[in-house]
Structure formats: C-alpha cells, structure tokens
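Take the given structure of chain A and dock chain B to it, following the hints.
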Amino acid sequence: MAARAVPLARLIGRRIILFTLLAMLAQLGVIFFDYYRDDGELARLLIEQETGLLARGTSLQDGQLIYHLPHDDLHRYVRRGSGYFARVRTEDGAVLFSGCDLDCEEHFLPLNVNPPDFWSRQLRPGKPLSVVGGRTVQVAGRKVLVEVAVIGDRNGKIWNVLGREVIDHMIVPMTLSLVFVLGGTLLSIRAALAPVRRAALAAEALDPMNAASHLETEGMPREIEQLSSAVNRAFIRVGELIRSQKLFTSAIAHEIRTPLAILKLELGHVDHPRARKAEADLDELTRFVAQLTALARLEASDSSNFVELDAETLALETVEAMAPWVYEQGCELEFESDGSFRLPGIAGLLRDAVRNLIENAVRHTPRGTRITVRVTGTGIISVSDDAPPQPERRVSPETEGAGIGLQIVRRIAGLHHGRFELRRGSSAGTSAQLEFPFSNKG
Amino acid sequence: MRVLLIEDRARLRELLGEAVREAGWRVDAVETAEEGRAALAVVDYDLLLLDLGLPDEDGLDLLRELRAGGMAIPVLVLTARGAVDERIAGLDAGADDYLVKPFNNGELLARARALLRRAPSSAMPILEYGRLCFDPATARASCGQEEIPLSPRERAVLELLLRNAGRALAKRKLEEAFSEFGEEKGANAIELAVSRLRRKLESLDTGCDLVTVRGVGYLLRETGS
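Just so you know, the protein sequences line up as chains A and B, in that order.
Residues in the first sequence are numbered consecutively from 1, following our numbering.
Residues in the second sequence are numbered consecutively from 443, following our numbering.
Pulled out of the complex, with its shape left as it was, chain B reads as follows:
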C-alpha cells in the first residue's frame, strides 16, 4: 500500500507521515502541488492525502486537474475549511472524502481504510472491519480464524455493509443491490436477510455491531471491544 501525502505544514507532514507509516503503509510526503504532480506522474499510488491550502496552488484546482487527466485513485482531502458548502465543492472537484482539521490518527486511518474498501479497483482485496473479514473473490466471510457460513443474500448484505462500514447504509442501496442479483425486491426480503445475518454475527465476537437506523437503513459500527 503506497500513499502520497501533499501537505505544506512541515510539522503536520511529519505527524501524518508517521501515522500512516505506523499503519504499515508506505508514504511519500511532499510540500507543494508541483512536487505532488511530479510524484503522481512516476509512481502508482493507492491513495492520495491532499491538503487544500497549498503554497503554490489551491488543492481543489490540482484535484480537478488530476481527475480531468484520468487519475482514478481515491483522494482524501484534509482541510481547515469546514463549511458544508466548501465540503461539497471538494466532493464536486473529485474528492472521495473530506476530513476537517483537527482530526486524530484513528479518524484519519479509519477514513483512509473506508476509502480503500470502497475503491472499485480495490487495493484492499480483502474487506476487514473489527474482527470481521470478507474476501469478495471467494465470497468467504470469517471472524478471526472462524469461517461464518452465509447464504448468498446474507453474503451480499455483508459485503455491502463492509464496503460502507462506519457509515449509514441506505436501505435503497441494498434494494438496488438485490435487484441486480435478480432477487425478489421488497423490504421484507432485505429485512429477513439482515436479521439472519445479525443473529449469526451476534453469536460471534466480531467487535462490530449491526444497528438498524429506522427510516434510513443499517449501520455496521466497530464497538471497539
């Protein structure tokens, strides 16, 4: 896993680099948009951490240019601009997520992992959350060393939950996924699959909690235990 960090504040660059390295990833840290552009041209990165207030150029302009040039890797924008409108501007410019300063190591890594899980050409072929593991290639789910036997529907739900772990997953997204499977649609089928999956997960020490957010959908969250 290789990460490019573009951040102009020296101390922040050091601390962020340290945090990413501690997660076991390789990190290249540069100071300016120009250096970042040069690095991206020669190395295939899996993730870009981009600060918006760069000395030579606005980060959003750089991002727009990179996206226009066909760059597909996930981008996590780090910014002091907290206003919602600006967040939306960032997402419009091609950011995959937005992290407002200040944040701690845990938040940074959680967001980065979430982005990698959601990335289409995932640099993380195996989805991990808490003690849960899921390999989309073999459709095998496990908790620690123990394999979890799942029906196809339950597997589909689990994969979608893991790809959206830590975020509320709207029920309509599950419905869309089910209709793609050619399965019968409707809330009942989904609710049934979710409740069966929940029962199976509850019997295990997954370190996760699957909650129903009524009126919205489902939320797979780490309990930290």
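Next comes chain A alone, as it looks inside the complex:
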C-alpha cells in the first residue's frame, strides 16, 4: 500500500492538467466552428493578415519610398496564376509594387482615390474565399496603401488565420489560467497538508509502547482533524485497557496470594514429610502466579514512565538482594563490572529481568555452580554460569512454566529497545545476555 501511495499534490496536479487539456480541446472546437462559419469575418482577418505581411516590405531610402517583398513565402504575389494579387502605392497614387494584371486592377481602389484606413469586400460568397481589400499603413510619416486580392485562396492562407485566432483566443489565456490555477491549487494543497504532514511525522514517531502518546490536532483541516481525533481516541482506549489490566492483575494476585499465605502458615504447623512436599509444591505455584502476574503487568507497562537509570547500580542491587537465596540453593554468585552505562527504563522491570536470569541459572545448574553477573560499558548485562552441559537438568523446561521466566526477560528487553540472547556453551556454561542501546554519560 505504501509503495503505491502518490502525493496528493501530484494526483491533483495531474487531474487539473488533464481537465485543462479537455477544456482546451472543447474551446478549440467552439472557436473553429465560430470563425469557420463567419465568411465575412474570415475575409476581413485574411486581408488583415496578408496586408500586414506585405506592408513590412516598404522602406525609405534616400528620401524615396521603395518596396521589395519581405518574405519568400510572399512570392506567390508575383507568380502568374497563383490567385494572389497585391499592389502597394502611396497616397498620391505612385505604385511601389504591383503583382497585378489589368483583371485585378479593377477590383482595387482607383489610384486617385484617397484610401480609407481599412477596407475589404467579398467577391464571391462561400468557400474557397475570394476577397479583395486594403489597408493604409504609415511608413516614415507617409501613408502607404497596401491592397490585396485573393481569388480562391489556393495556398490555404485561411488556416494561418484560424491558427492565429486559436493562439490568441485560447492557448494564451488558457495557459495563463492553467499556470495560475495549478500553482494556486498546489500551493493551497501544500498549505493545507502542512499540518497533515506534521501529524503524519508525529504518527510515525508514536511509541506503541507508550499509551500516553497522541497526535496534535491543532491547525488541521477538519477532515484530517477527525482522522487524528479517531487515532487519539484509539490510544486513549488502549490506555484505559492497560489501566484496567493493571487493576485486574493486582486484584488476581491479591486474591490468590492471601489464601496461599494462610495455606503455607497452616502447613508450617504440620510436622510431616508430606507437608514439606506440599510446601514445595506451593512454592512452585507461588512462583508461577508471580510470573503470570509479572507477565500481565509487563504487558501493561509502557515507556511513558521511563527514567534515566545506571545499569551497574541496578545489577549490583539485584545481586545483593539475590545473594542470600543463591547461596541457600548451594550456588555461588559474583558481580563484575568493567564500567557502567546509562539507559532509560523502568528500574523494577530491569531488576526483575536480572533476577529472573539469576533464578534461571540456579535452577538449571548443579549445586556448587558459580554464577557471574557482569556489566560492560558497551550496553551489556550478562548472567553466566560455569556449569558443564547438563543432559539432565534439575528442572525440566516443562515444569519451568513453559519458560515464562525467559519470556518475561525477553519482553522486558524488548520494552527497553534491547535484545536478549541465551548462549549455551558447548564445553562450559550458559550465558544469558541483555544488550541495550546505551549512553556513557555520567
């Protein structure tokens, strides 16, 4: 889906250009139809065009007006039988140029007539056009009359006329409006999308593990604001679920733990080996309940209450707290550090992770095993043991509560953007490693 997403501006820009082209096509049809139908107007425009072209050939040399054809294309006016005739003369009747025989002369104004600024007359109605007309132009302050007769328009000059009309009345205004409409639209899309882009970036940066995160809706167009509000509502709902789950797990824990306490104290008064066995089972059950609630609690944890922590202090505190239990289990515990690192996180959860790893090491190794908790300045907390590989573990994975302990550790690492890895050495020892993104400040 993301690969096919096209920017809104490009989408709308393409549409605008497409519809502008369609509109141009339609207008072309209208202009064409309008002009083609109106022979009188066409004739006038044809005379205007031809006289305009021919008039450029007049120039002043040594106080004398002279004429030569300004353009090769106009040679049709000197070719016999082309159907195009022209005469250029001054106000007082001096002919500067004539491509005209007697036949056509009679269509032109007599030489002694003071010419009007512009005139045209259709010789024959319908197409092809046969038209005669003239125009007076000023050359060096003197009036020059250019007269033209077109019989049958064999060179199709009428198309030039239509082409110019299309350019004048359509291409220019439509292009101008296209530039302004397109530019204006793109600008307003950009402006309207700016808050959306900000929201999209903010949404990209949303931390799914942080239920307190939300999108700012201020300054957004209403439609986008609705979308953002819906996202925010979803986040609020998630937050509520997390809270109710927290409540739920602590209620469950409370309701189970108190009867367990009564049971355990009662058993303490029973002096029988079977009571000791029952106590051990009770301990396993307690551990399982603790792990389940820890897991549920972990699900309900998010990064909104992270604080800056010192890894060495965390690990050392955990080792101090665990030492009595580890020695009671017949194992040894030691702590090593080659420099600390700082990380943002929840202290309780990280201590839980280290404690789980120590417990795991004790449970999976024979008595007398030395367990080492090590902090390295490169963002690693590891718990390793020196036990040889155990074909028969003291506790099988099945009774381990389906490995919930390690699952908890993995989740805790994930929540802190870290990695958890368990390496079973072939010759000696297992190493459980937590690797975190870290900073060395302080």
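Hints in this document: simulated from the structure, not taken from any laboratory.
Remember, predicted model here, so these are calculated numbers, not experimental data.
Among the hints, a few may not be true.
Computed footprint of chain A on chain B; a stretch qualifies when at least three of its residues, placed anywhere within it, have a C-beta under 8 Å from a C-beta of chain A [what the hints assert, rightly or not]:
#1 456-468
#2 537-548
#3 607-616
For glycine and all other residues, C-beta sits at the position ideal for the given N, C-alpha and C.
Leaving out everything else, chain B in the frame of chain A:
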C-alpha cells in the same frame, strides 16, 4: 518484646499471631487501621506487622501518617502486592522491610529478627544469629558458651555482619564503618580483618557461614546445622 499485628483476614491474623507468640513475643492483633492507630497510641510496641489491604484504609497511607507523626519503631509490611514498583512505594512510605505473601513462619520471624537487629534503639540489645552472640554494649562475642577473642577491627566487622545477617553486606559499608573508626581505609585492611574473623569462626560450631560475594561484599548466612 511486644508486636502489633494489623491484618484484616481473620484466619491469617490467627496464624500470624500464633507464629509470633511461639517465638516468645507478645502480640496484639487488630483488624483495621483505626484499631491499629488506637493501639499504637497507648502501647509502646517494638515492631509493627502491617498488612496493606485493610478494609477501612490503605496500609501505605496509614504508614505514611504514622511516620509523619514521628513513629520510629521498625515496620514489616505484609502484602500480596508483589511488584517491585509497589515494594519501592512501600519502602518510600516508611516500611523497613517488605514480605510478599505467601511466606512461612520461618521467613516471617527471620525478617522480624533482622529488623530488630538493625533497629537503632534496638529492642534486641544482644545480636544473635545461629549460635553466634554479640553484645554491642560490652563488645563481647561468643559462640554458645564459648567466648571468641577478637581484635577491635574483627569486632567491628562481626557487629556489622550480624546487624545485616542473612543479607549481602556491601564492602563499601564496611569501608564507611572503618573510616569512622579512624582506621586506615582500603580494601586490604578489610579483607585481612574478614579473613582472620572467618578463620576464627570456622574453627567453631557457629551454625553460620561467612561467604565472600565477589564484586559485592560479604554474606553471613545460617547453615542450619
């Protein structure tokens, strides 16, 4: 030794009361925070065992109020709330230790004794652990009936170990104690004192084991034998 127990579950109250009485202590057991407050107002207790989930009030609120009112006796909180964050909240509110349900008699009494040993105005003037005895007033250490001859440094180490018995004692705490004595600081002096003390204890049937937790400190633990 007089202990106040505030616990709302009747059966649990009975069992805990029984356990404490068996240890030779006097116990008053009440059900609500209100009754507890009244009892504390009239009797000087040496230890408070406090359940957090009380019917009329949250145990932590009661504890905060008592501490704010100047109550100094050690408090052992009993709770079903096992999460670490909540444990920390309990300690912040003024609890001296935290025992998560379920626990057995032995654990309860061990924690209670540890608290009393650490209490400044100790209701237990003589520190006992395993078969070891130490009287801070006379600085005499003994194992059973037999007196253990100790140098001043060894005595200081032993007292600190006994006050923290059953828990890991960080080496830096020993260092602090040594510097207070005006003794030369440094790990060597401490290690020397500890190893001499260990040799003396090993020759006796103390029922205790002094282990070195490398990178952390020392741990005096009961071996139960």
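To see whether the hints hold, each was checked on the structure:
1. Coverage of the segment 456-468 of chain B by chain A holds in this model, with 4 residues showing a Cβ closer than 8 Å to a Cβ of that chain against a need of three.
2. Counting residues of the segment 537-548 of chain B whose beta carbon lies closer than 8 Å to any beta carbon of chain A gives 7, which meets the minimum of three for the stated coverage.
3. Requiring three or more residues with a Cβ within less than 8 Å of a Cβ of chain A, the coverage given for the segment 607-616 of chain B holds, as 4 such residues are present.
The structure shown violates none of the earlier numbered hints.
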